[in-house]
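Asker: For the protein sequence lines, the chains are A, B, C, D, E and F, in the order given. Under our numbering, the first sequence is numbered contiguously, ending at residue 149. Under our numbering, the second sequence is numbered contiguously, ending at residue 298. Under our numbering, the third sequence is numbered contiguously, ending at residue 447. Under our numbering, the fourth sequence is numbered contiguously, ending at residue 596. Under our numbering, the fifth sequence is numbered contiguously, ending at residue 745. Under our numbering, the sixth sequence is numbered contiguously, ending at residue 894.
Check the hints yourself; a few may be wrong.
Far from chain E, some chain F residues (derived; all Cβ distances over 12 angstroms) [claimed, not checked]: (1) ALA812; (2) GLY840; (3) ALA854; (4) ALA865; (5) ASN886.
Restraint-style ranges between C-beta atoms, simulated for each label pair [to be verified]: (6) B:GLY244 x E:ARG706: 16 to 26 angstroms; (7) D:GLN501 x A:ALA109: 28 to 38 angstroms; (8) B:ARG164 x C:THR312: 21 to 31 angstroms; (9) D:ARG574 x B:GLU255: 29 to 39 angstroms; (10) F:VAL796 x E:ASP609: 22 to 32 angstroms; (11) A:ARG15 x C:GLY351: 22 to 32 angstroms; (12) A:GLU129 x B:THR197: 42 to 52 angstroms.
I should point out that these hints are in silico values taken from the structure, not numbers from a laboratory. Note that beta-carbon positions come from the ideal geometry of N, C-alpha and C, so glycine has one too.
Protein chains: 6
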Amino acid sequence: MFDKWFEELAVGDTRSFAGVTVTEAHVVGFAGVTGDNYPLHMDAEYATTTVFGQRVAHGLLVLSLGAGLVPMTPGIVAALLGMEEVRFVAPVFIGDTVHPEMEVLETTARGDGPGRVRVAERILNQRGEPVVTAVINVLVNRRGAGDGG
Amino acid sequence: MFDKWFEELAVGDTRSFAGVTVTEAHVVGFAGVTGDNYPLHMDAEYATTTVFGQRVAHGLLVLSLGAGLVPMTPGIVAALLGMEEVRFVAPVFIGDTVHPEMEVLETTARGDGPGRVRVAERILNQRGEPVVTAVINVLVNRRGAGDGG
Amino acid sequence: MFDKWFEELAVGDTRSFAGVTVTEAHVVGFAGVTGDNYPLHMDAEYATTTVFGQRVAHGLLVLSLGAGLVPMTPGIVAALLGMEEVRFVAPVFIGDTVHPEMEVLETTARGDGPGRVRVAERILNQRGEPVVTAVINVLVNRRGAGDGG
Amino acid sequence: MFDKWFEELAVGDTRSFAGVTVTEAHVVGFAGVTGDNYPLHMDAEYATTTVFGQRVAHGLLVLSLGAGLVPMTPGIVAALLGMEEVRFVAPVFIGDTVHPEMEVLETTARGDGPGRVRVAERILNQRGEPVVTAVINVLVNRRGAGDGG
Amino acid sequence: MFDKWFEELAVGDTRSFAGVTVTEAHVVGFAGVTGDNYPLHMDAEYATTTVFGQRVAHGLLVLSLGAGLVPMTPGIVAALLGMEEVRFVAPVFIGDTVHPEMEVLETTARGDGPGRVRVAERILNQRGEPVVTAVINVLVNRRGAGDGG
Amino acid sequence: MFDKWFEELAVGDTRSFAGVTVTEAHVVGFAGVTGDNYPLHMDAEYATTTVFGQRVAHGLLVLSLGAGLVPMTPGIVAALLGMEEVRFVAPVFIGDTVHPEMEVLETTARGDGPGRVRVAERILNQRGEPVVTAVINVLVNRRGAGDGG
C-alpha cells in the first residue's frame, strides 16, 4: 500500500500482502520486548484452563505483524497518526499463519504537504478468517514534494 | 488496573504505572519481531532528513510497552477486545522514558460472566507529555466465577 | 513478595506465583544474551547421548525466570545482595512449565534504612516437583522512608 | 576451565577468561527472556532517584554472562549442580566490561563416574573490581569414560 | 532487485536500496543468534587494543543486513545458490549506517524453469565507502510459471 | 581452528566442531536481526507450495552458525578478510542439527605481522550431508607478536 505516493492512492484500492507464521519465538520475543508476560500468552498449563484451551498470541503482536508485512517504500509514509475500531475478533494460536489485507477508505489532501489516508485493515488467518480488523490513519507524502514527514 | 476483578473496578478509578526507557534495543527488537523495518525507525541517516530529525520509536511499540507496564494478575483479564481512538500524538525518541496512566470510563456487567471494561489510557513521556492515547476494551473476570475468558 | 515493604513482611509468609512455559525461544534467547551455547542446551542430537536424553534448559535461565515471575513493586527492592544454597535439583526440559514459591526465612532491620530479608525460593515444574531451590538475600525498603536503595 | 576433563583439574588451578561489554541490548534482552523488568534495570528516570544514580544490570545477567564466557568443551560438563555464596558485591552499569576468573577449590572423585568440582568464581569489571563472586559446584566427566552426565 | 521476475531482469540493471544503522542491539543480537561472541565484536575494552580501536560489527552481520534490505516479492526468489568473492573491505562500527547496491552481471535461462542470476552487491557506509562486496548467485522464478523453487 | 596462532596452523590440518540444532527461534531471530523476512523462511503455509515443502533456514544463518561454532581464542583472529565459493548445497530445515568442519588449505606469511590463512569449511547436517560449503580467508596473528589485527 505504502509503496505508492499520496497522489497514487485512490479510494477503493485494495491490496493483499504476504503472510507470516506466528511462532513461539514471536510470542516469547514480543513478550520480551514489551514486558507483557500475561500467562494467557506465556503459560501453556494455565492456558488449558481458559476458554481458549491453549496459549494465545498477543493481539498487539498480531496487529504489529500486520504492519510489518505491508511493504513501505522509504520516504512515502510520513507518520502513523492513529487507529480506530481495532477489534481482536478471533484468537491467533501458535502455528497460525496470518496476512493483512488493506483497502483505502478515504484520502484527504492537505495543500501541498503530505495527505491523510484512512485505510481499513483486515488480518486473516490461514483459513481466511479475520483475526484483527482496524482502521488506520496515515500521513502519506506526495512524490517529489520533499519529505513532509 | 487489571490486578482487580470486575466487581472491584469503578468508573473514575485512575492509576499510574511504572515506566520504561525506550532504548535502541527496544526499537531494533520490535522491528525484528514484527518485521517493521521502516527507515524512520531504523536508519539514523535517513531520519535526520525528516521533520523528526532522528529515529522515532514505532507507535505500536510504545502502545505495546504501555500494555506491558500494567500489572495484570493472572486470571483477571479474560480477553482484550479492542481499542478505539488510538492517537500517536507525539514522537518517542530513543532514550525517552514512557509510562502509562489509566482511567476506567465504563463497566458493563454481562450476567454472571466476565464484564466489559472501557479504559482510557494515556502514555506519557519523561516530561509528562502524552505520546499515545487510546481507549481500550477489555473483558474482565469476576472473582471466583471461574475463568470466563 | 516484593510488592510489600520491609515492615509488611513477616517470617513465615509464603507466596506462590504465576508460571511460564520454558520454550525453545527461551533457551535459544538465553544462550544468545549470555553466550552460554553449551551443547546440552543447544544440540538436540548431542543431548540424546546424555543421561538427560534431550536438551536441558540452562539452570541459570530457570533461576532467572523464577525472579521474573515475582511481582516487584517499583521502589520496594533496594538491591539483590546474594544467594545461598542454589541447587539445580532436577532438569527442566523444553515445554515444561515452571513457577516459583517463596517463604520469608528472616527479616533483619537495620536502623531506619532498608532491611535485609532472607527468602527461601523453590521453583516447581508442572508436576509440582522442585527443579531449583535457593535462599535469596534482598535489601527491602521501608514504606515512605525514601529510596534507601 | 571446563575444556579439561575431571582428572586434568587440580585444586588451586586458576584461569582468567575473555570479557564482554554489558550493553543496553544485554539488559533489555535479559529482561525480555526472563521477564524481570524491574525499573532499576529498565527505567533510566527512576534509576537516577536511587543510590546507584543510573540503571544497573541484573545481577543474574552478570552471573550468567560469567558462565557464558567460560569455554566449555562439549561432553566435559555433565551437569551444573548448584552455587553457594553468590554475592552481588558491586553494581554493573551499562557500558561496563566484565570477565570471570576461576579457581578450583576442591575435586571429589565418585568411583569411575563424573567427579564433583567446586570452583570459586570472581567476575571483575574493567577496573579489576569484583562485581559478583560465587562458589559453583559442577559435575565433570572423565576422559573417555563415556558421558556420565 | 528481487521484486522482478526472471524475464524482467537484464544485465546491467542497477539498484540502490534503503539503509539501516548498525546498532549495539544488532551486534549483540547477531552474536546471540549465531553464537559468534568473538571479543572484537563484544568487548569494548579489548577492541581498543586492536588496530580498529573499537568494536567492529561481524562481517556476516553486515552481509546479512544487506540481504535484509533488498525487497523480495514472495514467490520470485526460488533459492539462494551461493556467493563468490565476498570481501570484507572495511570495518563497520556501531553507529554506522549501511545500504546495499546491486547490479545484474549475468542471467542464464534454464528451459522454462527458474533462471540463474548473478548479481554484484556492494554494501556502502554513510560516507559512500564500500564495506562489503560480493557476487551472489540466485535462482529466480519466471512470472506465472508456478513456483520452480 | 582459531584457538591456534598462525605459526601453529599447517596446511592439511582438519578439525570438526560441536553442533547446534536450528530452531524456529534461530530462524525468527535471524530474520529479526537482519530484516530478511522472505516467506520461504517465515510463512509455513507458503513454504508448503514450494519444492522444499516446508520453511527453510536462511543460508546466511547456517553460514553464520558455522562461524559461531568454531572456538576462537581472543587475540588470534585479526580479521575476517573474505569468502570464496560459498555454496548453499542443501536446504536446512527447522529441527536439523548442523556442525562445521574445517581444513587449512593455505597459509601465507606476511613478514612478522599476522598471516593469511585459507580454510575450507563444510557445514554438515545430522545425516552427515553437506549443507553449506565455503572457502574462508582469515588474517591470523602470530603468538606474542602483539595484536596485528
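Asker: With reference to the structure, classify each hint as holding or not holding.
Answerer: Against the structure, the hints:
no., hint, result
1, ALA812, "5 angstroms, violated"
2, GLY840, "17 angstroms, holds"
3, ALA854, "18 angstroms, holds"
4, ALA865, "14 angstroms, holds"
5, ASN886, "10 angstroms, violated"
6, B:GLY244 x E:ARG706: 16 to 26 angstroms, "52 angstroms, violated"
7, D:GLN501 x A:ALA109: 28 to 38 angstroms, "48 angstroms, violated"
8, B:ARG164 x C:THR312: 21 to 31 angstroms, "28 angstroms, holds"
9, D:ARG574 x B:GLU255: 29 to 39 angstroms, "57 angstroms, violated"
10, F:VAL796 x E:ASP609: 22 to 32 angstroms, "26 angstroms, holds"
11, A:ARG15 x C:GLY351: 22 to 32 angstroms, "49 angstroms, violated"
12, A:GLU129 x B:THR197: 42 to 52 angstroms, "43 angstroms, holds"
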